[in-house]
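Which chain is which? The protein sequence lines are A and B, in order. For the first sequence, my numbering puts the final residue at 352, and the numbers step up evenly by one. For the second sequence, my numbering puts the final residue at 352, and the numbers step up evenly by one.
A portion of the hints provided could be inaccurate.
Copies of one chain are not kept apart here, so a pair can be met inside one copy or by any two copies together.
Cross-link-like lysine to aspartate or glutamate pairs, in silico, DMTMM-like; alpha carbons within 25 Å at most [what the hints assert, rightly or not]: (1) Lys194 / Glu321; (2) Lys292 / Asp329; (3) Lys63 / Asp351; (4) Lys138 / Glu313; (5) Lys292 / Glu244; (6) Lys139 / Glu164; (7) Lys258 / Asp71; (8) Lys27 / Glu268; (9) Lys141 / Asp92; (10) Lys269 / Asp88; (11) Lys258 / Glu268; (12) Lys42 / Asp88.
Rather than coming from a laboratory, the hints here were simulated on the basis of the structure.
Protein chains: 2
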Amino acid sequence: MNKAIKWGVIGCGNIAQKFVKDLQYVNNSQLYAIASTNKERREFFSDIYNPKKVYKTYESLVQDENVDIVYVATTHNFHYKNTLLCLEANKPVLCEKPICINAKELKHLIGAAKKRKVFLMEALWTRFLPAVKHLITEIENGIIGKPKLIKADFGIMKPPTKGSRFYEKKLGAGALLDLGVYTINFSNFIFGKSPISVSGFAKLTTQNVDEYSAYNLKYESGQIAQLLSSVSFKTPHTAKIYGEKGEIVVHDFYHPKRYTVFFFNGKKITIDKPFPGFGYQYEAVEAQECLLKQKTESTIFSLNDSLKVLTIMDTLRKEWGITYPNDL
Amino acid sequence: MNKAIKWGVIGCGNIAQKFVKDLQYVNNSQLYAIASTNKERREFFSDIYNPKKVYKTYESLVQDENVDIVYVATTHNFHYKNTLLCLEANKPVLCEKPICINAKELKHLIGAAKKRKVFLMEALWTRFLPAVKHLITEIENGIIGKPKLIKADFGIMKPPTKGSRFYEKKLGAGALLDLGVYTINFSNFIFGKSPISVSGFAKLTTQNVDEYSAYNLKYESGQIAQLLSSVSFKTPHTAKIYGEKGEIVVHDFYHPKRYTVFFFNGKKITIDKPFPGFGYQYEAVEAQECLLKQKTESTIFSLNDSLKVLTIMDTLRKEWGITYPNDL
Chain A
25 MNKAIKWGVI GCGNIAQKFV KDLQYVNNSQ LYAIASTNKE RREFFSDIYN PKKVYKTYES
85 LVQDENVDIV YVATTHNFHY KNTLLCLEAN KPVLCEKPIC INAKELKHLI GAAKKRKVFL
145 MEALWTRFLP AVKHLITEIE NGIIGKPKLI KADFGIMKPP TKGSRFYEKK LGAGALLDLG
205 VYTINFSNFI FGKSPISVSG FAKLTTQNVD EYSAYNLKYE SGQIAQLLSS VSFKTPHTAK
265 IYGEKGEIVV HDFYHPKRYT VFFFNGKKIT IDKPFPGFGY QYEAVEAQEC LLKQKTESTI
325 FSLNDSLKVL TIMDTLRKEW GITYPNDL
Chain B
25 MNKAIKWGVI GCGNIAQKFV KDLQYVNNSQ LYAIASTNKE RREFFSDIYN PKKVYKTYES
85 LVQDENVDIV YVATTHNFHY KNTLLCLEAN KPVLCEKPIC INAKELKHLI GAAKKRKVFL
145 MEALWTRFLP AVKHLITEIE NGIIGKPKLI KADFGIMKPP TKGSRFYEKK LGAGALLDLG
205 VYTINFSNFI FGKSPISVSG FAKLTTQNVD EYSAYNLKYE SGQIAQLLSS VSFKTPHTAK
265 IYGEKGEIVV HDFYHPKRYT VFFFNGKKIT IDKPFPGFGY QYEAVEAQEC LLKQKTESTI
325 FSLNDSLKVL TIMDTLRKEW GITYPNDL
C-alpha cells in the first residue's frame, strides 16, 4: 500500500476549497497543510477542512519537510512568485491556471524546476477529465475525420467592482488570461498542436485589460479556431468541432461530462463520462502519479503545452496593447 | 390606382424562381419579361411563370421599352457586366447579392447609375424583412443598451463538384462572397455603422478560394463582430447580439421570422414577424417604392452600404490571398 501524498495548499480562496473537496476522490491523498496570509480565510478553511498544519506564511509551509506537493491557489499575479518559492524549496507544484502572467515568467519557472528536477504542472484540469480524454482519443482515431474548425465561447458576467480579479489590472485581470486559457487550450488539445498564427480584437476596459475579445487561431493546413472570452456578458460555454464526417458538440467544454457527435450521415452518438465532485480530482491524480513515477512533468499536459498557450496570449495581448505590471 | 411595375428578369436559376414566386405578394407588380441564354431554363421558366416576353439574350430584354426594372439573377461573376448593360440602357436594376465581385466594380456601377440617374440596389433582402426592420429599430431604441458583440454563423455543406458556383473560382466562388455578404451586412445593420478594422483566417481550396473562414470586425469603441462562413460544413444560421442589458438570439438570421430577447433581469420577449413566401417580396416592394418616388437608390439600404461591405470583403480576400479573374 502506497503512503498517502501530503498536499500543502497556498491560498485559501474558492478554487482552493473546491480542490480540497475533490481530494476526497483521490486515493492515497491527504490535505496536510494550508497557508494563507489572511487570518479569516485561514481559520475558515482550517475549521472546515481540518488540515494537520496551518501556516500564516507561504514560506513556513514550503519549509515543512512533510509537504509532498504544493497546490498554488492564489490569484494569477502571484503564481510566479509563489511557485518559485516552492520550487526553490524543492517542493513539487501543481499551480492554478494560468500558471503565469506571461511566457517569460513561465520560462523562469521551467528553468527553476528543471534545475532542481522538481515536478511542476499547470492545473489545467480540463485536460484530465474523462470526457475530454475520451474525446481527444476519438478525434485522434478519426471519429469525424480531420477536424476543420473549432468554436469555443467562454463568456461570464462579472460586475466591474473595485478589487475584482476580473477587472483589476494588478491582479492579472481580463477575460483572456482567466477564460481564454480554456478556449485556447481546448483548441490545441483537439487539433493536437499549436497554431501557426493568431489574431483578434478586444474591447479594453478603462484599466486597459480585455473586457471581451474575439480571436482566431490558424493551424497548419488551414484548420481554424474561432474563440471568444468575456467577463461582461455570459455566453453558453459550448465548443463545437466541425470535421470532415460530422460535428461534435461539447457543452460546458471546460468541464464536460458528455459530448455528442452528429454525423453527416444522420447518425448521432452521445458519450457520457460523468464524475463526482467538481472534477479537480483528475489533475491531482495525474500529479500524484507523476510524483510516484518520479516524473518532473506530465506527459499528458506538459510545461511546453502551457508555454505555447502563454505565448499565444502574449501575442494577442501585444496586438491589443495590454500589459501587466509584471510585464514591465 | 397605380400602374403595375413591369419586371424583367435576367438569369433563370433557382433564385430567379423564388423571386418571381414572391412577386405574387407585391402589389402593382407584374412579371413581364425573362431572358436566359440557356434554352432549357428559359422554356422551363417560361412555362411555369408565364411572362409576357421571353428573350434569348439579355440585350433584347433591356431594349424592351416596357420593362420598368430588371432583376439581375445571374451568378456573381456576371453581376457587373449584366447590371452595366441594364444601366446603360437606362433600366433600373435590383441586382442579386453580392452586387459585384469587388468594390472597384461597384464603384463603376454606381458611377453609371448616377450619371443616368437610374435606380440601382443590391438585392440584400434580409434588410427589408419585417423581423429585421423591427429588430434594428429596437436596437436603436436601446432595447439591450449598447450592443457589445455580435456573433453570426453561416455555414452550408455543398459538395465540391465541378462547375459548382461555390467552388469554381471563375464563377466568383468561396464562402465569403456568397454567405459572408449576409454575416457582414447583418453586423453593419446592428451596429449601425461600418467597422474600423477587419481581420480573419481562411481555409483555401485548391482553386484558392475560401472553403471556410472565421473573421472579426472591430467597430468604434470596441464593438466586435465574430463571424463565420463555410461551404464545406453546416452550422446553425444563428446570430447572437450581446448588449449591456441582455442578449438577442436571431435564428435564421439571414431570413428570420422572429427573434428573442433574453434580458439579464430574467425577462424574456419573443417578437414574431411572420411572412408568406420566401421573403423576397420586401426588397421588391422597396425597389418599386423607390421607382414610384423617382429615387435612384434606397435610403434603407444604400449603394454606399453595399460598397462598405464589398470593401470589407476586398480587405479580407487580400489578407487571404484570394483573387478573381475580374480582379486582375
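Right, here's what the structure says about each hint:
Taking the closest pair of Cα atoms, Lys194 and Glu321 never come within 25 Å of each other, the shortest separation being 29 Å inside a single copy and 53 Å across copies. Within a single copy, Lys292 and Asp329 get their C-alpha atoms no closer than 32 Å, and across copies no closer than 42 Å, so neither meets the 25 Å cut-off. Taking identical chains as interchangeable, the C-alpha atoms of Lys63 and Asp351 are never at most 25 Å apart, the minima being 30 Å within one chain and 69 Å between chains. Taking the shortest Cα distances, Lys138 and Glu313 sit within 25 Å of each other inside one copy (18 Å), while across copies they are farther apart (75 Å).
In this homomeric assembly, Lys292 and Glu244 never come within 25 Å of each other (Cα to Cα): the closest approach is 29 Å inside a single copy and 43 Å across copies. For the homomeric pair Lys139 and Glu164, neither the shortest alpha-carbon distance inside one copy (34 Å) nor that between copies (60 Å) is at most 25 Å. For a Cα distance limit of 25 Å, the shortest separation of Lys258 from Asp71 qualifies neither inside one copy, at 34 Å, nor across copies, at 54 Å. Taking the shortest Cα distances, Lys27 and Glu268 never come within 25 Å of each other, neither inside one copy (48 Å) nor across copies (54 Å).
Taking the shortest alpha-carbon separations for Lys141 and Asp92, only the intra-copy value of 14 Å comes in at or below 25 Å, while the best inter-copy value is 83 Å. Proximity of Lys269 to Asp88 under the C-alpha cut-off of 25 Å is found in neither arrangement, the shortest distances being 54 Å within a copy and 51 Å between copies. For the identical chains of this complex, Lys258 and Glu268 are inter-copy neighbours only, at 11 Å across copies versus 30 Å inside a copy, given an alpha-carbon limit of 25 Å. For the identical chains of this complex, Lys42 and Asp88 are intra-copy neighbours only, at 23 Å inside a copy versus 78 Å across copies, given an alpha-carbon limit of 25 Å.
Against the hints set out earlier in the document, violations occur for numbers 1, 2, 3, 5, 6, 7, 8, 10.
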